[in-house]
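Be aware that the sequence shown starts at 1, since it is given in our numbering, and climbs by one per residue.
Hints were generated in silico from the structure; no laboratory data involved. Computed from a prediction, not measured in an experiment: that's the story for all the values here. C-beta atoms are modelled at their ideal positions from N, C-alpha and C, and glycine is treated no differently. Be aware that one or more of the hints could be misleading.
[Unchecked claim] Ranges between beta-carbon positions, derived for each pair:
| hint | residue 1 | residue 2 | range |
| --- | --- | --- | --- |
| 1 | Lys125 | Glu186 | 37 to 43 Å |
| 2 | Asn101 | Ala182 | 45 to 51 Å |
| 3 | Arg59 | Gly4 | 34 to 40 Å |
| 4 | Ser44 | Asp109 | 26 to 32 Å |
| 5 | Arg46 | Gly4 | 24 to 30 Å |
| 6 | Lys230 | Arg16 | 21 to 27 Å |
| 7 | Met120 | Lys73 | 33 to 39 Å |
| 8 | Ala11 | Pro65 | 28 to 34 Å |
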Amino acid sequence: MKRGKKYVEAAKLVDRTKAYTALEALELAVKTSTAKFDASVDVSFRLNIDPRKAEQNIRGAIVLPNGTGKTRKVLVICRGAKQAEATEAGADYVGEAEVINKIQQGWFDFDIIVATPDMMGQLGKLGRVLGPKGLMPNPKTGTVTMDVAKAVKEIKAGKVEYRPDKVGNIQMTIGKVSFGAAKLQENLKVVYDTLVKARPSTIKGSYIKNVSVAATMGPGIKVDSETIAK
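Could you put the whole structure together from the sequences, leaning on the hints where they help?
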């Protein structure tokens, strides 16, 4: 794959054979960002899990202390008084059956759906459409709840979901380059601590195999995982 001149120059600053401390890695991620915009900074965890086994397919959500720097459009599907609660909490769209019909017709101008349990029967009919897009609400991530106001506020504050891909990798955004390394490290620590607590009891040996960070369009930087929690 051919890389641009800026990427090549940035990559020269990274020692591929070294695992940096969390702070050093994030400082490098900020320094090696080649984008002209305020790039996102992502972390990738390679875990010793088999997502095909139910007990190892860990999934959940985390509220990052410094947010992600991204604004997400939230759709809340609920009835009655809950609609007013969702609107007051800052939901971008609120509705029930009419919104579900709108989605069936191809409307997807939102990033995440929050739904009350009583609406999941109707919403479940859209599983084939919402599932592949990662939009189906789930109790494990706090998006199926009667406390819609809390769910909306957490999402707007920087709540992120995590789930492994087919080979056990978990990737997520932990902020923007403009945050600076210190705030990015605070977010990374919360993510790391959450994943450590989520370790399946059936895992033997090392759990976190590899951690790396990178800015959008920037080179990957290995992180010494033992330095993240410090």
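Range agreement (Cβ of Lys73 with Cβ of Met120, hint 33 to 39 Å): violated, 21 Å
Range hint 21 to 27 Å (beta carbons of Lys230 and Arg16) holds or violated: holds, 24 Å
Ala11 paired with Pro65, Cβ distance criterion 28 to 34 Å: holds, 30 Å
Pairwise beta carbon distance, Lys125 to Glu186, judged against the given window 37 to 43 Å: The hint (37 to 43 Å, Cβ to Cβ) holds, given that Lys125 and Glu186 are roughly 41 Å apart.
Verdict for Arg59, Gly4 (Cβ pair) under range 34 to 40 Å: holds, 36 Å
Ala182 and Asn101 - C-beta distance against the hinted 45 to 51 Å: holds, 47 Å
Range hint 26 to 32 Å (beta carbons of Ser44 and Asp109) holds or violated: Holds: the Cβ-Cβ distance is about 29 Å, inside 26 to 32 Å.
Outcome of range test on Cβ distance (Arg46, Gly4; 24 to 30 Å): holds, 26 Å
Comparing the model with each numbered hint stated earlier shows that hint 7 is the single one that does not hold.
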